[in-house]
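Trainee: Here is how the chains run, residue by residue.
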Amino acid sequence: MEIQNSKSPAEKMNALNTIRNSINKVLNFIRNYFSEVPLLGWFIGALTAVLLEQLVGRLIALSLGLPKIPILFGFVTMLKHPYLIPSTILYMLIVYILPIVSIARLTVPITNWLAGKLLVLPIIISVIIHLGLLYLIMHLWSGISDYRVLMLKFTLIAVMVTLSLNVVNGYMGEFSCSHPGFMALGAYGASICTVVLFVDDSMFGPALLPPAIGPFMFPVALIVGGCLASVGAFLVAIPSFRTRGDYLAIVSLAFTFIVKSLIENLEIIGGPRGLSSQPNWANLPSIFICAVVCVWIINNFVRSTLGKALNAVRDDEMAANVMTVNTRRTKMTAFLFAAFWAGVAGGLLAHVLRYVNPGTFGIQKLAEVLAMVYFGGLNSIQGSILGAIGFNILSEALRPLAIYKWIIIPSMLILIMIFRPTGLLAFKEFDVKKIISPKQKQKKEVQNVIASN
Amino acid sequence: MSLLLIEKMTHFFGGLRAVYNYDLEINTGQVRGLIGPNGAGKTTIFNLVTGIYKPTEGKIFLDDRSIVDLKPHQIASEGIGRTFQNLRLWRHMTVLEHVKMARYSKLTYGLIGAFFGTRKRRKEEAENEEKAYHLLDMLGIRHLTDQVVTNLPYGAQRRVEMARALAIDPKILFLDEPTAGMNPEELIEMIEIIRQINKELGLTIFLIEHRMKVVMELCERIQTLVFGEVIAEGTSEEIQNNPKVIDAYLGKEAVS
Numbered sequence: 001m002e003i004q005n006s007k008s009p010a011e012k013m014n015a016l017n018t019i020r021n022s023i024n025k026v027l028n029f030i031r032n033y034f035s036e037v038p039l040l041g042w043f044i045g046a047l048t049a050v051l052l053e054q055l056v057g058r059l060i061a062l063s064l065g066l067p068k069i070p071i072l073f074g075f076v077t078m079l080k081h082p083y084l085i086p087s088t089i090l091y092m093l094i095v096y097i098l099p100i101v102s103i104a105r106l107t108v109p110i111t112n113w114l115a116g117k118l119l120v121l122p123i124i125i126s127v128i129i130h131l132g133l134l135y136l137i138m139h140l141w142s143g144i145s146d147y148r149v150l151m152l153k154f155t156l157i158a159v160m161v162t163l164s165l166n167v168v169n170g171y172m173g174e175f176s177c178s179h180p181g182f183m184a185l186g187a188y189g190a191s192i193c194t195v196v197l198f199v200d201d202s203m204f205g206p207a208l209l210p211p212a213i214g215p216f217m218f219p220v221a222l223i224v225g226g227c228l229a230s231v232g233a234f235l236v237a238i239p240s241f242r243t244r245g246d247y248l249a250i251v252s253l254a255f256t257f258i259v260k261s262l263i264e265n266l267e268i269i270g271g272p273r274g275l276s277s278q279p280n281w282a283n284l285p286s287i288f289i290c291a292v293v294c295v296w297i298i299n300n301f302v303r304s305t306l307g308k309a310l311n312a313v314r315d316d317e318m319a320a321n322v323m324t325v326n327t328r329r330t331k332m333t334a335f336l337f338a339a340f341w342a343g344v345a346g347g348l349l350a351h352v353l354r355y356v357n358p359g360t361f362g363i364q365k366l367a368e369v370l371a372m373v374y375f376g377g378l379n380s381i382q383g384s385i386l387g388a389i390g391f392n393i394l395s396e397a398l399r400p401l402a403i404y405k406w407i408i409i410p411s412m413l414i415l416i417m418i419f420r421p422t423g424l425l426a427f428k429e430f431d432v433k434k435i436i437s438p439k440q441k442q443k444k445e446v447q448n449v450i451a452s453n
Numbered sequence: 001m002s003l004l005l006i007e008k009m010t011h012f013f014g015g016l017r018a019v020y021n022y023d024l025e026i027n028t029g030q031v032r033g034l035i036g037p038n039g040a041g042k043t044t045i046f047n048l049v050t051g052i053y054k055p056t057e058g059k060i061f062l063d064d065r066s067i068v069d070l071k072p073h074q075i076a077s078e079g080i081g082r083t084f085q086n087l088r089l090w091r092h093m094t095v096l097e098h099v100k101m102a103r104y105s106k107l108t109y110g111l112i113g114a115f116f117g118t119r120k121r122r123k124e125e126a127e128n129e130e131k132a133y134h135l136l137d138m139l140g141i142r143h144l145t146d147q148v149v150t151n152l153p154y155g156a157q158r159r160v161e162m163a164r165a166l167a168i169d170p171k172i173l174f175l176d177e178p179t180a181g182m183n184p185e186e187l188i189e190m191i192e193i194i195r196q197i198n199k200e201l202g203l204t205i206f207l208i209e210h211r212m213k214v215v216m217e218l219c220e221r222i223q224t225l226v227f228g229e230v231i232a233e234g235t236s237e238e239i240q241n242n243p244k245v246i247d248a249y250l251g252k253e254a255v256s
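So the protein lines, in turn, are chains D and V. The opening position of the first sequence corresponds to residue 1 in my numbering, with each subsequent residue numbered one higher. The opening position of the second sequence corresponds to residue 1 in my numbering, with each subsequent residue numbered one higher.
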């Protein structure tokens, strides 16, 4: 009996191990097979897929028995009508996966050559071409329906917010809960600017400036919103940065509530009813540009020695101090900087919704932003981008499940916290040059590593 | 003219007298030692001079300038580099990043440079990198440049800390038990490194040590600290034969 009992768990472990090994083998094979594909190749593959959908997507969908093109990768369709699962999967396979995979793999020699050629030119040209392609893909993809446009806008804004919170919670290692407050300040700041200056509004009277110059002043309004958020951050930072630890979390949480109730009680800007009639300037290109600028500047910052000082402060503040780092200034700068971007994102959000009310920026928003940061990964730009995109897609895809959504998403978060406590892609450097350069086969490297071990 | 001058420095932790009437005068190029039993207040003296604690009383001058009211990062920029008894490295950062970070106060590109990646920033970062490589070469850890420090063996971590302290271009280097926890080979290497830093860079060194071998070999003059007070000061022979020192280390019975 005893022997049998002791044997069966071991056998189970063995079976589990073999399964895990075979999964790893398959994953490694896939990784190896596509290791040569440069980013350019993936973009061209995606572009083909999106074009295909645009041209014959409807036809394919109808012939597969789907009522229309699945809007968000078919998640919603599958959850609502389980009998459509096979045809939805087939659709995804035909329209997205097969074209992307095959074209990315087949064009490897061409795209690698092209990426290499582009790198000879100044890096900025190569980056602009990549970004242009990315925008084209997004534009074409979202051309199918307005819902996709809205989704993309929200996702890009979420990327900005997540990134800015990651500067504080990831790079600096403090725990700030004030991002909804900063977003609210930014949203109201930017909205008041645009509504007062360029819109004939019942609340603020006629426009002060001709609306024609409005779109050019939109960035200024966003910057005003961002600066307002920075002022708020300054007020939080003064009392809470004297010490480390929980104080910032508590003070910043209080700040979020203060901002919310302050706006609720300011009748001049609409109080709890909110503020509406923002001009429709936050279109996809402008949000895309904002997000790119945000990623660029934050990445520049965290990769400079001035920005790395944040990591030094997080890992050992005393050592940082003794190594000439002005820790107080470093922390202040980073906090105001993060708040600025949260404010800009808030301003964009207000102009996407064209309505803003204080209720949006409550504890639920905080939970969402924190979830995106910790889901994606601390201390990494890729992590934040992945976190924002992943979380947004997930929460939209699970929308048909209604209330169960809020059981599934948190439990996934718990699982991630257990198995990868710092998030999916934590502590990575975002090296643009490395990302866009042509790829070599990795096999040789792997062998070397094995040999050296 | 003395490089570092400390006069009548006293410090209390609440009611506990940690350091009392401490005097020190170090001239350029010297290697000085500070020994004493556990809890004598040696590290407290380091913390007081580097600004982590503010002395209750006393004056500290570096190059005839009072540094007693400066913040730790300002004192460091003035030219006091130090290492810690139990390593204080930044666990998520690479070796190169450590050394570059200590050049923080030398950077002038400011936030504009940090945000937009200006030419000035690229130039300064490249200069710092070169300087960092030079230091890594000197301490024999060039091959570890891109390693995260937590993966390194203990001896290498000590060297990283030393390289980091040297990167701030110090006038005087404070070493807090530089050989703690090292095996005999590492110990000999570390003594060599300290000697090299003193001879080649002409750097003044002030070190705390527990191992007599290291102190006797390196230091010109040694102070012995017991309960926050200097009980003896002199050359290594004088210290070794001083009955008060033997008392403090071995207890009264051993002498009699």
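Any given hint might turn out to be false.
Stretch-level coverage of chain V by chain D, calculated; a stretch enters the list once three of its residues show a Cβ under 8 Å from a Cβ in chain D [as the list claims (entries may be wrong)]:
1. 75 to 86
2. 89 to 103
3. 117 to 131
Hints listed in this document are in silico derivations from the structure and should not be mistaken for laboratory results. Yeah, the Cβ is synthetic: ideal placement off N, Cα and C, and Gly gets one too.
Trainee: Check each numbered hint against the structure and report the violated ones by number, ascending.
Mentor: none
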